[in-house]
Amino acid sequence: GDSVTQMEGPVTLSEEAFLTINCTYTATGYPSLFWYVQYPGEGLQLLLKATKADDKGSNKGFEATYRKETTSFHLEKGSVQVSDSAVYFCAPYQGGKLIFGQGTELSVKP
Amino acid sequence: KAGVTQTPRYLIKTRGQQVTLSCSPISGHRSVSWYQQTPGQGLQFLFEYFSETQRNKGNFPGRFSGRQFSNSRSEMNVSTLELGDSALYLCASSPGTSRADTQYFGPGTRLTVL
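For the record, the sequence lines run as chains G and A. Just so we're aligned: the first sequence equals residues 42 to 151 in my numbering. Just so we're aligned: the second sequence equals residues 119 to 232 in my numbering.
One should not assume that every hint holds.
[As the list claims (entries may be wrong)] Simulated pairs of lysine-lysine, DSBU-like, Cα-Cα distance not exceeding 35 angstroms: (1) K97/G / K119/A; (2) K101/G / K175/A; (3) K119/A / K118/G; (4) K93/G / K131/A; (5) K131/A / K109/G; (6) K150/G / K101/G; (7) K150/G / K118/G; (8) K131/A / K119/A; (9) K119/A / K175/A; (10) K131/A / K175/A; (11) K118/G / K97/G; (12) K101/G / K131/A; (13) K150/G / K175/A; (14) K101/G / K118/G; (15) K175/A / K97/G; (16) K109/G / K97/G; (17) K109/G / K93/G; (18) K93/G / K118/G.
[Unchecked claim] Across the chosen pairs, the derived CB separations fall in these ranges: (19) T230/A / S44/G: 41 to 49 angstroms; (20) G202/A / E117/G: 33 to 41 angstroms; (21) A58/G / R185/A: 45 to 53 angstroms; (22) N100/G / R148/A: 23 to 31 angstroms.
Rather than coming from a laboratory, the hints here were simulated on the basis of the structure. Even for Gly, the Cβ is constructed at its ideal location relative to N, Cα and C.
Only chain A is shown next, with the shape it has when bound in the complex (with noise of 0.2 angstroms):
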């Protein structure tokens, strides 16, 4: 099977620009979670999409944004970009249906905002 893919692998925005940021999961699952990795604050939770919807939601500000297409493809979209957003974004994906299932994480998209 195929892993968990993102892209682009890089990007480089000016402050107040908006960024999409796309993943695609693992054949069959439904479940794509997005994280964002950054020195300071390490790996902090945003949302989690299933099956279209969103089912879980971190502590991030609206400009924070995503959807789940019917394919579960995945993305993620932040408006009015900050200094404080460069970090490495992380998508995962997994079957969605219990807790014990493993998240399978994506080589990740670098964000500099300059």
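This is chain G alone, in the form it adopts within the complex (with noise of 0.2 angstroms):
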């Protein structure tokens, strides 16, 4: 079935270094690919999404890009902030509904 692989964390950085988070997925078609955030006792939010191969979406920094040829979508950051610690969710949308992966936890130290 469709499935989706994220780099494993904990993730701790120190303030200002640069972030990658792994996200590869296994989907039929052409799914939507989407970055979700979700802050302590929070729901999640948006923070990114990409509707085609080789779009490139973007906000508040982050940035990933749909690569259909290597089925991955892979989130970026060149500065983190310690207000970016938060539990990160790739999520292909596909046969109408969200395939969440596990989720990678990153801490942001000062």
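Got two chains here, each in a separate frame; can you build the complex from them with the hints?
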């Protein structure tokens, strides 16, 4: 069945470090791809999305490119802040639903 | 626009009881989806309602059911509660007309089964 594999956490970085969270998926066809972020005690917030191959989604300094040939949608940020500490979820939309990865916890230290 | 609202935010029930959770979508959105989040299983899709009809369903037992009203508000019901039903239940709304639509999530209802 359809599935998502995310880089395991927790990931601990110092402020201003470069961030990459890997995400690969298996799905039929051309799913839309999403990154969501969850802060403690809250629901999920959309971070960015891409709906077709080679699209780049971006928001708040985060970027991810839809790579159809490698079925990947890796999340990157050039310089993380303490306020970016949260859990990040990669999720293709396939078959009428979002299919979530296990989430990657990011902790940014000052 | 107001966001997705869920009530109640917290619930404590005992095994064998039943519970109803409510979700009010963003105005104009016709699709409401429900997800269960647990530390062990992560985020799993329960079902989706669109214009009062269940359009998609996940792999959950029949104890989990839902419905949608003409104003797009949705309720989810869990009967004969089990300890394993303790979870954060999230609902998400979207226009529901395109695979490119963003699903907007509510803050969730935290259900604890004792």
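Here's how the hints hold up against the structure:
1. For the proposed pair K97/G and K119/A, the alpha carbon gap of about 27 angstroms is at most 35 angstroms, so the pair holds.
2. For the hint linking K101/G to K175/A, the alpha-carbon distance of about 34 angstroms falls within 35 angstroms, and the restraint holds.
3. At roughly 29 angstroms between alpha-carbon atoms, K119/A and K118/G fall within 35 angstroms of each other, so this suggested pair holds.
4. A hinted pair counts as satisfied when its Cα atoms are at most 35 angstroms apart, and K93/G with K131/A does not qualify at roughly 44 angstroms.
5. For a cut-off of 35 angstroms, the pair hint linking K131/A to K109/G is broken: about 45 angstroms separates their Cα positions.
6. Among the hinted pairs, K150/G with K101/G is consistent with the structure: their alpha-carbon atoms are about 19 angstroms apart, no more than 35 angstroms.
7. Distance hint between K150/G and K118/G is fulfilled; the C-alpha atoms sit about 15 angstroms from each other, no more than 35 angstroms.
8. Restraint check: the Cα-Cα separation between K131/A and K119/A comes to about 33 angstroms, which is no more than 35 angstroms; the hinted pair holds.
9. Proximity of K119/A to K175/A is assessed by CA-CA distance (about 28 angstroms); at most 35 angstroms being required, the pair is judged to hold.
10. Between K131/A and K175/A the CA atoms are separated by roughly 25 angstroms; this keeps the pair inside 35 angstroms, and the hint holds.
11. Between K118/G and K97/G the CA atoms are separated by roughly 13 angstroms; this keeps the pair inside 35 angstroms, and the hint holds.
12. With a C-alpha separation of about 40 angstroms, the suggested pairing of K101/G with K131/A is violated against the 35 angstroms cut-off.
13. For the proposed pair K150/G and K175/A, the alpha carbon gap of about 41 angstroms is over 35 angstroms, so the pair is violated.
14. In summary, the hint linking K101/G to K118/G is supported, as the alpha carbons are separated by about 9 angstroms, within the 35 angstroms threshold.
15. Our distance criterion of 35 angstroms between C-alpha atoms is met by K175/A and K97/G, whose separation comes to about 30 angstroms.
16. Straight-line distance between C-alpha atoms of K109/G and K97/G comes to about 12 angstroms, which keeps the hinted pair within the 35 angstroms bound.
17. A distance of roughly 8 angstroms separates the Cα atoms of K109/G and K93/G; the hinted pair therefore holds under the 35 angstroms criterion.
18. Straight-line distance between C-alpha atoms of K93/G and K118/G comes to about 21 angstroms, which keeps the hinted pair within the 35 angstroms bound.
19. Distance hint check: the CB atoms of T230/A and S44/G are about 29 angstroms apart, inconsistent with the given range 41 to 49 angstroms.
20. Checked against the given bound of 33 to 41 angstroms, the beta carbons of G202/A and E117/G, roughly 37 angstroms apart, stay inside it.
21. Checked against the hint of 45 to 53 angstroms, the pair A58/G and R185/A passes, with Cβ atoms roughly 47 angstroms apart.
22. Separation of N100/G from R148/A is about 25 angstroms and conforms to the stated range, judged on CB atoms against 23 to 31 angstroms.
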